[in-house]
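Trainee: Letter by letter, the chains look like this.
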Amino acid sequence: MKTEAGHIGERTIRRALPVGLTGQKMREHIIEFVMFLCALSSVAVTLGIVGILVTESWNFFAHVSLVDFLTDTQWTVLFENPRYGIMPLVTGTLVTSAVALLVALPLGTIIAIYLSEYASPKVREILKPILELLSAVPTVVFGYFALLFVTPLLQSVLPDLPGFNMLSAGIVIGVMIIPYVSSLSEDAIKAVPVNIREGSYAMGATRFQTAVRVLVPSAFSGIASAYVLGFSRAVGETMIVAVAAGMQPNLTLNPMEGAATITAYIVQVSLGDLPHGSIAYQSIFAAGLTLMGMTLLFNIGGYFLRKRFREIY
Amino acid sequence: MTDFEKKIARNKQGDGLFAVVGLLSTFVGMLTLAALIFNLAADGAARLTPHFFTSFPSRFPAQAGILSAWVGTTLIMLVTALTAVPMGVAAGVYLEEYAPKNWLTGLIEINIANLAGVPSIVYGLMALGLFVYQLKLGQSILSAGLTLALLILPIVIVATRESIRAVPASIREAAYALGASKWQTTRDHVLPYSMGGILTGVIIALSRAIGETAPLVTIGALTFIAFLPDAPVKGQFPFISFDWLLSPFTVMPIQMFNWLSRPQQEFHYNAAATGLVLMAMTLIMNGIAIYFRYRFRKRIKW
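Line by line, the protein sequences are chains A and B. Taken in order, the first sequence gives residues 0 to 312; the numbers are from numbering that gives the first Met the number 0. Taken in order, the second sequence gives residues 0 to 301; the numbers are from numbering that gives the first Met the number 0.
Extracted from the complex, chain A is given alone in its bound form:
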């Protein structure tokens, strides 16, 4: 925009104007710089997260071998003869997340199709905000619900279910992440160009056939992002599992048992009064790093999935 002539013009004008205007220019630059720093602070947050997790985990792995960490089948950091196998916490996390996804992905996708293709604008205007309230409920309240409502309800069907179990925690997490899955998927389905939709209708397909065979495949890369976000939420969910799934590390793939997840372990340690710098203190950072690693792996997987299924119109 700034041409040479513009510059000269500006300089001449400034010479003619009172001094105040250069001060104003100065102020403009300062304001811009301060705002730039605010924007940059988000990068600092990421660096802080990675930096703290890596340095504290580094101290942890100075005492514990990485092989033990990944292969040992017991996690008994707080016991007298501690063993540092992350596997039980990872299986706990994966099982609760799997249950949650089994609930949230089908329901979230169906709701997305329903809201974008079936519901009238008026119905959508009412249903969507109510649905989104689900993700606004404090998670500890969901924990209460899982422990004192869903578990007793499930126990009336499955009498052998223990009071702390991954099934009810997983189901409640699933309901909580429905809005994340449904609203992103809905955006993706809506973004499919109208002519593709019309083409399908012109061939005599019903709304259902259009949605399932045309829209969902076309929007799959967006829907996959919704699934990945849902997974990240499920893996990182803390209070529901801490309240309803128990805090006992348990190497099992059976959702009918109780087990600690990575996040529940971090909460358990934080509730106690651990000295700064002890191995148990460092272990929560190693657990946190594992959690970040799992989310990262899944995000990378999601990235390639999206690339593979990306539709360009």
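Honestly, the hints are just simulated from the structure, not real lab data. From a predicted model like this one, the values you see are computed outputs, not experimental measurements. Just so you know, not all the hints are guaranteed correct.
BS3-like, lysine-lysine: derived pairs with alpha carbons at most 27 Å apart [stated by the list, open to error]:
1) Lys-121(A) / Lys-24(A)
2) Lys-11(B) / Lys-24(A)
3) Lys-100(B) / Lys-306(A)
4) Lys-135(B) / Lys-24(A)
5) Lys-11(B) / Lys-189(A)
6) Lys-189(A) / Lys-306(A)
7) Lys-100(B) / Lys-181(B)
8) Lys-189(A) / Lys-121(A)
9) Lys-11(B) / Lys-121(A)
To list a few chain B residues with every Cβ distance to chain A over 12 Å, as calculated [unchecked claim]:
10) Thr-1
11) Ala-45
12) Leu-77
13) Ala-89
14) Ala-168
15) Ala-173
16) Leu-245
Cβ coordinates follow ideal geometry from the N, Cα and C atoms, glycine included.
Start from chain A and add chain B according to the hints.
Mentor: This is chain B only, laid out in the frame that chain A set:
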């Protein structure tokens, strides 16, 4: 009926069936919400007496209250809002109005998108290492407020950007044409017009921060506090004190978690009552946000 007609009838049936399935699926979510509220109300409504709000936690469930918890929540929200709102709005304005298109801006944008997916407990771990121990802020209201501020920063930034983007370019051009500088244009025109959207985003972000438990447990919130932080306003000079910033704290979700993890049923009723208060605050804040979004969308016609 020919085979073809039968096929059409069957397809139509499938179509109608899906409409029902879709509606039922949304009802699953809504029923859960309703069951949750009824469940809390049935267990906790009886405990919601004035006494409950004016007493400290106690060994005796019937005498326990949430005084220290709601004071803690209020003070922490104050710190969070005062940090996250100016920073988030400034960052959003910069990225939308000022930022040149280069690798640094790209990095910031990708970074904000990724931060929104980081589990909240990881923020807690970061804050534990950084705020509590390296910056020596301790397990204090200040640390807690800053932690939640960082947690909601991406929400505020994204909301700010979205509502600024909705302001048409013609408004900016009109201001420039009258000789306004970039900052004057932003301050006097772009920001006022996008205030509705920004406010909505801020309220939603704060309602999320109120319910957050995990990061605060991680930085070492206490579960039993029977005193209040130092008062921010004093009777003597200099009248304002900031000692409360470094005071230990508890918040409502943590108080609820603490009562919930006890075996006695009476404490569960206290947890339910706390949950009701939390739900009421969340619902009211989200209701206000929905109303704002609706009103501003209706009122402004470009």
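Trainee: Hints first: check each against the structure and report whether it holds.
Mentor: Here is what the structure says about each hint:
no.: 1; hint: Lys-121(A) / Lys-24(A); result: violated, 50 Å
no.: 2; hint: Lys-11(B) / Lys-24(A); result: violated, 67 Å
no.: 3; hint: Lys-100(B) / Lys-306(A); result: holds, 24 Å
no.: 4; hint: Lys-135(B) / Lys-24(A); result: violated, 39 Å
no.: 5; hint: Lys-11(B) / Lys-189(A); result: holds, 22 Å
no.: 6; hint: Lys-189(A) / Lys-306(A); result: holds, 19 Å
no.: 7; hint: Lys-100(B) / Lys-181(B); result: holds, 17 Å
no.: 8; hint: Lys-189(A) / Lys-121(A); result: holds, 17 Å
no.: 9; hint: Lys-11(B) / Lys-121(A); result: holds, 24 Å
no.: 10; hint: Thr-1; result: holds, 15 Å
no.: 11; hint: Ala-45; result: holds, 16 Å
no.: 12; hint: Leu-77; result: holds, 19 Å
no.: 13; hint: Ala-89; result: violated, 4 Å
no.: 14; hint: Ala-168; result: holds, 14 Å
no.: 15; hint: Ala-173; result: holds, 17 Å
no.: 16; hint: Leu-245; result: holds, 17 Å
Checked against the numbered hints above, the structure breaks hints 1, 2, 4, 13 and satisfies the rest.
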